[in-house]
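Q: Go ahead and model the full structure; you've got the sequences and the hints to work with.
Protein chains: 2
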Amino acid sequence: MSEKPTAAQNSRQLDTSIFRTDRLMNDGRTIRYYDSKETSRTAEDLRPTEEPAKMGELRLDPLLNEWIAYAAHRQHRAFLPPKELCPLCPTTGGLLTEIPDSHFEVVAFDNKNPSLAPAGSEWALPTLSGPNTSTTGAAGKCEVICFSDEHHGSFGSLSLDRILLVIKALRDRTQEISALPNIVQVFPFENRGEEVGVTINHPHGQIYSYSYLTPRTEKMLNTARAYHAQTGRVLLDDVVAREIKDGVRITAENEHWVAYVPYAARYPFEIHVAPRKSVADLTELTMDQLNAYPEIAKRVLLQLDGVFNVEMPYMAAWHQAPVSVGRDVLRLHWQITCVRRAPGKLKYLAGSESAMGAFIMDLTPEQSAEQLKAVAIKL
Amino acid sequence: MSEKPTAAQNSRQLDTSIFRTDRLMNDGRTIRYYDSKETSRTAEDLRPTEEPAKMGELRLDPLLNEWIAYAAHRQHRAFLPPKELCPLCPTTGGLLTEIPDSHFEVVAFDNKNPSLAPAGSEWALPTLSGPNTSTTGAAGKCEVICFSDEHHGSFGSLSLDRILLVIKALRDRTQEISALPNIVQVFPFENRGEEVGVTINHPHGQIYSYSYLTPRTEKMLNTARAYHAQTGRVLLDDVVAREIKDGVRITAENEHWVAYVPYAARYPFEIHVAPRKSVADLTELTMDQLNAYPEIAKRVLLQLDGVFNVEMPYMAAWHQAPVSVGRDVLRLHWQITCVRRAPGKLKYLAGSESAMGAFIMDLTPEQSAEQLKAVAIKL
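Those protein sequences? They're chains A and B, same order as listed. The first sequence begins at 1 in this note's numbering and counts up by one. The second sequence begins at 1 in this note's numbering and counts up by one.
A few of these clues could be false.
Given that identical chains are not distinguished, each listed pair holds provided it fits within a single copy or across any two copies.
DSS-like cross-link-like pairs, simulated, lysine-lysine; straight-line CA separation at most 25 Å [to be verified]:
1. Lys54 <-> Lys345
2. Lys83 <-> Lys345
3. Lys245 <-> Lys345
4. Lys277 <-> Lys373
5. Lys83 <-> Lys378
6. Lys112 <-> Lys345
7. Lys277 <-> Lys298
8. Lys298 <-> Lys378
None of these hints come from the bench; they were simulated from the model.
A: Next comes the structure, spelled out in structure tokens:
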């Protein structure tokens with residue numbers, strides 16, 4: 001495994017404001033500390049050694065030709081632990097957590113109960129179709145990224161400097177994971193709120209890296225390819241151009257980024273955030289684009305919390321071009337979808353959305369953009 | 001509108017055990033009473049006349065080439081009303097409901113706040129792609145079907161005779177709606193439980209009829225067509241043959257139907273129910289197949305309630321071949337998906353499922369089939 005740290009400390013500077021130190025965990029997993037200044041990271045994982053989790057399996061759904069991953073060992077994972085048992089808090093006193101050190105800024109570590117796990121280089125995704133297929137190992141990689149050692153808070157309540165460190169860490173993770181065997185696409189995301197199934201409240205995100213093209217990315221790729229073949233143009237560039245031209249659905253913008261409720265949003269509150277100069281993935285962002293991200297990210301997330309003056313449950317997804325296909329037509333954007341449609345009401349994906357994939361919305365995108373823009377923001 | 005009843009009563013016998021009477025509602029909508037024996041239905045809708053709901057709009061999501069429907073008037077629809085205000089109970093005493101009569105068996109009526117509504121014959125779905133499209137009217141049809149005039153209960157707790165009346169009514173609705181202008185596919189479904197967003201607890205289902213091919217049906221159609229081109233065979237027939245051969249995931253069966261947890265299920269508890277002799281849609285079911293359905297439907301739903309001895313929240317979806325395409329390769333099946341993965345835990349469609357369409361499961365289909373089969377059923 002190319003990314004395993006050696007026994008000796010393995011700290012290095014990634015750019016002027018980010019340092020990385022890799023450490024081994026008790027069961028052979030790796031934890032990576034991302035620090036804004038050079039910091040000694042020597043704390044040992046003192047928990048008893050455990051068996052690493054078993055790899056799950058992939059099965060092909062013959063009706064839709066889509067892979068489904070099974071990770072039966074995950075059924076008993078941590079479920080809404082109280083702060084004093086939180087596995088994402090730093091190790092202090094008697095509490096031995098996933099993070100051996102007693103203070104940290106940002107850490108990324110291999111998920112203890114991964115849905116997708118690294119397979120050897122002999123693994124290959126079988127080409128299957130039809131109803132008479134057999135299973136294969138659920139190759140891929142799942143990481144957890146903690147945004148802070150404070151149990152309370154959220155991505156939007158972090159300082160601008162910390163948000164910058166998070167985005168740079170995600171960029172480093174994308175770069176490293178993209179080079180691993182069997183990885184087809186890298187997907188960083190954050191779920192926020194018990195309403196969307198969050199099982200640990202400590203501010204954190206996840207990075208799922210798949211050994212197969214996900215159904216949505218595949219469809220976005222086919223759509224972008226058809227548009228490129230027809231017009232010679234990159235679809236997301238023209239989508240953003242239309243949003244800028246229409247103007248009415250833009251909720252925040254700065255020199256390098258634009259945030260909008262898309263013309264055909266699927267959720268009561270859905271925001272897309274894209275760089276004005278488009279790139280394939282996080283690794284291609286310039287330093288200027290990176291530096292301008294925290295301000296728009298914080299603005300967008302505070303707008304969401306301000307709409308109903310309650311913490312907005314959301315899913316924030318980084319759409320990136322896959323590792324080796326479609327990099328000429330697919331473009332990075334950050335999609336935030338919210339299921340709250342009114343203070344006491346959630347949007348459910350019921351019959352039409354779940355069974356048919358046909359979305360029905362109660363609010364127009366212009367209505368939700370107006371509500372978002374009306375929120376007074378203090379950064 | 002070809003299906004509007006005349007002012008005179010318009011009752012007719014559909015087969016030996018089902019009679020239909022159409023009546024007009026106060027705002028011009030139609031209610032259809034389905035009775036197991038000839039019944040006089042003359043009650044008038046005594047509510048004040050209201051304006052019919054405005055038609056919503058369709059927008060094309062350019063990133064996925066999918067239609068999204070907007071029905072902004074729906075934001076203020078009934079939300080978990082108490083029994084004494086339930087709009088799906090019969091009209092009694094001072095309560096004037098959607099159903100003018102004081103007793104009924106099964107009724108189907110046009111939704112008061114439809115997401116999709118009939119358009120004139122001049123309406124046509126535009127052929128669009130790319131980011132610079134404009135909106136069109138949300139043509140289609142939404143109906144509500146009440147299974148009983150009792151407020152409490154569920155589809156699974158109905159008598160076998162009543163379940164038969166419901167399936168025959170759905171069949172009649174499919175036949176009639178399929179002949180209307182602009183209708184591309186007819187989708188009967190039932191959501192059960194507040195956990196999946198049910199806003200009225202009275203036992204009922206819905207029928208969404210779309211003016212466009214839904215994303216999931218389109219993908220199922222493409223997959224089935226490719227399989228047919230390659231093998232000359234109908235995909236669902238071979239899917240069911242594999243389930244029968246494997247055996248281990250079959251949870252119920254009778255002479256005409258088979259119920260199974262599919263080999264690549266997406267939810268903690270997912271059951272597909274298909275006729276042994278496949279058909280394109282409900283209208284093609286034989287009288288023998290219809291008569292054998294209530295027993296397997298009740299068995300399957302009682303198994304689900306028995307797994308954790310609590311009412312299982314579910315979405316039950318009838319997948320039918322579209323009205324005029326794919327009828328040679330797509331086949332009727334009833335898909336029931338449940339979001340409860342343990343007594344106090346729900347399965348959420350979080351980052352991977354929502355943003356990527358990539359499903360991750362905690363239970364294998366064999367594990368959930370075993371739990372379902374272990375439930376003792378008394379019909």
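Q: All hints are to be evaluated individually against the structure, with a verdict given for each.
A: Here's how the hints hold up against the structure:
| no. | hint | in the structure |
| --- | --- | --- |
| 1 | Lys54 <-> Lys345 | between (39 Å within a copy, 23 Å between copies) |
| 2 | Lys83 <-> Lys345 | between (28 Å within a copy, 20 Å between copies) |
| 3 | Lys245 <-> Lys345 | neither (33 Å within a copy, 45 Å between copies) |
| 4 | Lys277 <-> Lys373 | within (24 Å within a copy, 56 Å between copies) |
| 5 | Lys83 <-> Lys378 | neither (28 Å within a copy, 45 Å between copies) |
| 6 | Lys112 <-> Lys345 | between (34 Å within a copy, 20 Å between copies) |
| 7 | Lys277 <-> Lys298 | within (20 Å within a copy, 57 Å between copies) |
| 8 | Lys298 <-> Lys378 | within (10 Å within a copy, 56 Å between copies) |
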